[in-house]
Amino acid sequence: MELSTVLLLSFAILALVWRKFSRPKGFPPGPPAMPILGNILQMDFANPLQDLKRFSKQYGQVYSIYLGFTPAVVIQGFKDLKEVLVNKGVDFADRPQNRLIETISGTRGLVAAHYGRAWKEHRRFTLSTLRNFGLGKKSMEERIHEESVYLIKELRKNQDTLVDPHFVLDNAVSNIICSIVFGRRYDYDDTTFRDILNVVHENMKMATGFWAQLYNAFGFVKHLPLPHQKIFKNVKTVFGFLGKVLEEHKRTRVPGEPRDYIDCYLDELDTEQEDGRKSTFDPENLFTCVGDLFIAGTETTSASLEWSLLYMMTYPDFQEKCRAEIDNIRGDRDHLDYEDRVRMPYTQAVLQEIQRFASVVSLGVAHAPIKDVQLNGFTIPKGTLIITDLSSVHYDEKYWKYPNEFNPENFLNKDGELIKVEAFLPFSAGPRVCLGENLARMEIFLFFTTMMTHFEFHWPDPKSSPDITPVFGLSQAPKRFKMRLVPRI
15 MELSTVLLLS
25 FAILALVWRK
35 FSRPKGFPPG
45 PPAMPILGNI
55 LQMDFANPLQ
65 DLKRFSKQYG
75 QVYSIYLGFT
85 PAVVIQGFKD
95 LKEVLVNKGV
105 DFADRPQNRL
115 IETISGTRGL
125 VAAHYGRAWK
135 EHRRFTLSTL
145 RNFGLGKKSM
155 EERIHEESVY
165 LIKELRKNQD
175 TLVDPHFVLD
185 NAVSNIICSI
195 VFGRRYDYDD
205 TTFRDILNVV
215 HENMKMATGF
225 WAQLYNAFGF
235 VKHLPLPHQK
245 IFKNVKTVFG
255 FLGKVLEEHK
265 RTRVPGEPRD
275 YIDCYLDELD
285 TEQEDGRKST
295 FDPENLFTCV
305 GDLFIAGTET
315 TSASLEWSLL
325 YMMTYPDFQE
335 KCRAEIDNIR
345 GDRDHLDYED
355 RVRMPYTQAV
365 LQEIQRFASV
375 VSLGVAHAPI
385 KDVQLNGFTI
395 PKGTLIITDL
405 SSVHYDEKYW
415 KYPNEFNPEN
425 FLNKDGELIK
435 VEAFLPFSAG
445 PRVCLGENLA
455 RMEIFLFFTT
465 MMTHFEFHWP
475 DPKSSPDITP
485 VFGLSQAPKR
495 FKMRLVPRI
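One rule links them: number in my numbering = place in the sequence shown (from 1) + 14.
Hints in this document: simulated from the structure, not taken from any laboratory.
Among the hints, a few may not be true.
Said to hold, decoys possible - In the BS3-like style, the derived pairs of lysine-lysine whose C-alpha atoms are separated by at most 27 Å in a straight line are:
{"hint": "1", "residue 1": "Lys244", "residue 2": "Lys219"}
{"hint": "2", "residue 1": "Lys96", "residue 2": "Lys67"}
{"hint": "3", "residue 1": "Lys96", "residue 2": "Lys134"}
{"hint": "4", "residue 1": "Lys134", "residue 2": "Lys102"}
{"hint": "5", "residue 1": "Lys96", "residue 2": "Lys415"}
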């Protein structure tokens, strides 16, 4: 091959790469991207929040980055997040292409499904079914109270030693969604179930890590023996567990007499087949919906409760003020009711401050426009990956009295009354808002107040303070810790 031909081909390849990583006209600005890798090496995926904040200082609160070949638009600040999630919520209600998610579950279910008929029907069906099984009703509250008895009993077993609350809280929270979806709960000493929860948490962390991003950018990585293979191994374990649950339901169900969500879905499949209609309900969607509910109904709520204990030990004065209000409203009753919260502004402020300061789901779930959309004068093409940085509003000095410190007064006025802060977005907002928001709020309030009724929580070493540095993932959890329990009479 002549030298001139080689040079011509080299120039053509370089031009193609340059064009691939040059932002199209009207696209949000952002940091220069490297060929092939984009901005991946400019970010610390152990916790990218600081890098995203650093970019925004230079390029504004709507800017773009490249994750390999994939352009992504980052949205920060309440005004622009509200525009994307609420004002233009439907326009941005789709999900972007994601190799990792599509390899695991396709685009089915409740979380990863594209915006359209199938997603709408499944979300509507799921909300209706959850309400039928007690969501927002007294029966759900009673279910949480029943699990609280098991939780306190389990904590009392270990009150004479230092306690790691992770497994106990994990199991308690998961049992609530399992009782609705599977029709059963799991004992705290069930090692098989504990292993399942462990791999779920491991995947929630790995899914946002460097190797997962590399796999999303370059599909051929799937076949290489790299750390991302652990994700697929874990998925196989969880899918095996869910598969056994579904098979058991198919063997033991009585059509028309549903025990739980799975039975309701199977009844829906029977109805659709009898009517002969073209349906979006099918066994694959059932499997994915069950997995979505199981994982989402466990991960973020249990992390929030772990944060609640860690912050109460970090700030013992806040713990005592909470407990005084709890005791005052509870009186001589065994436990508080969910409706009691309206008379408990301080405790509510503490719980909301936990969610704000921990910012458990800091980047939400990725969105994508269903069509070309204008935002702040920029043109964002259909299908573009949209990263909603919810944490950016949780530390914004425009909306908080104490943006960078843990302080319940962020949610209280001068008279000690609870105030609503519009920039508080722990469950996101708009059409894709977390469908388990009401259940999560109820669980957090009832589990927290029950634990505070029965125990004082102390950091083991009075000479040191708890480490409140988060472990980043799809949800931010605290580092594992041990605590000292002091039973209350």
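Here is how each hint holds up against the structure:
At roughly 12 Å between alpha-carbon atoms, Lys244 and Lys219 fall within 27 Å of each other, so this suggested pair holds. With a C-alpha separation of about 18 Å, the suggested pairing of Lys96 with Lys67 holds against the 27 Å cut-off. The hinted pair formed by Lys96 and Lys134 meets the criterion: a straight-line CA distance of about 21 Å does not exceed 27 Å. About 17 Å separates the Cα atoms of Lys134 and Lys102, which keeps this hinted pair within 27 Å; it holds.
Restraint check: the Cα-Cα separation between Lys96 and Lys415 comes to about 21 Å, which is no more than 27 Å; the hinted pair holds.
The structure agrees with every numbered hint stated previously.
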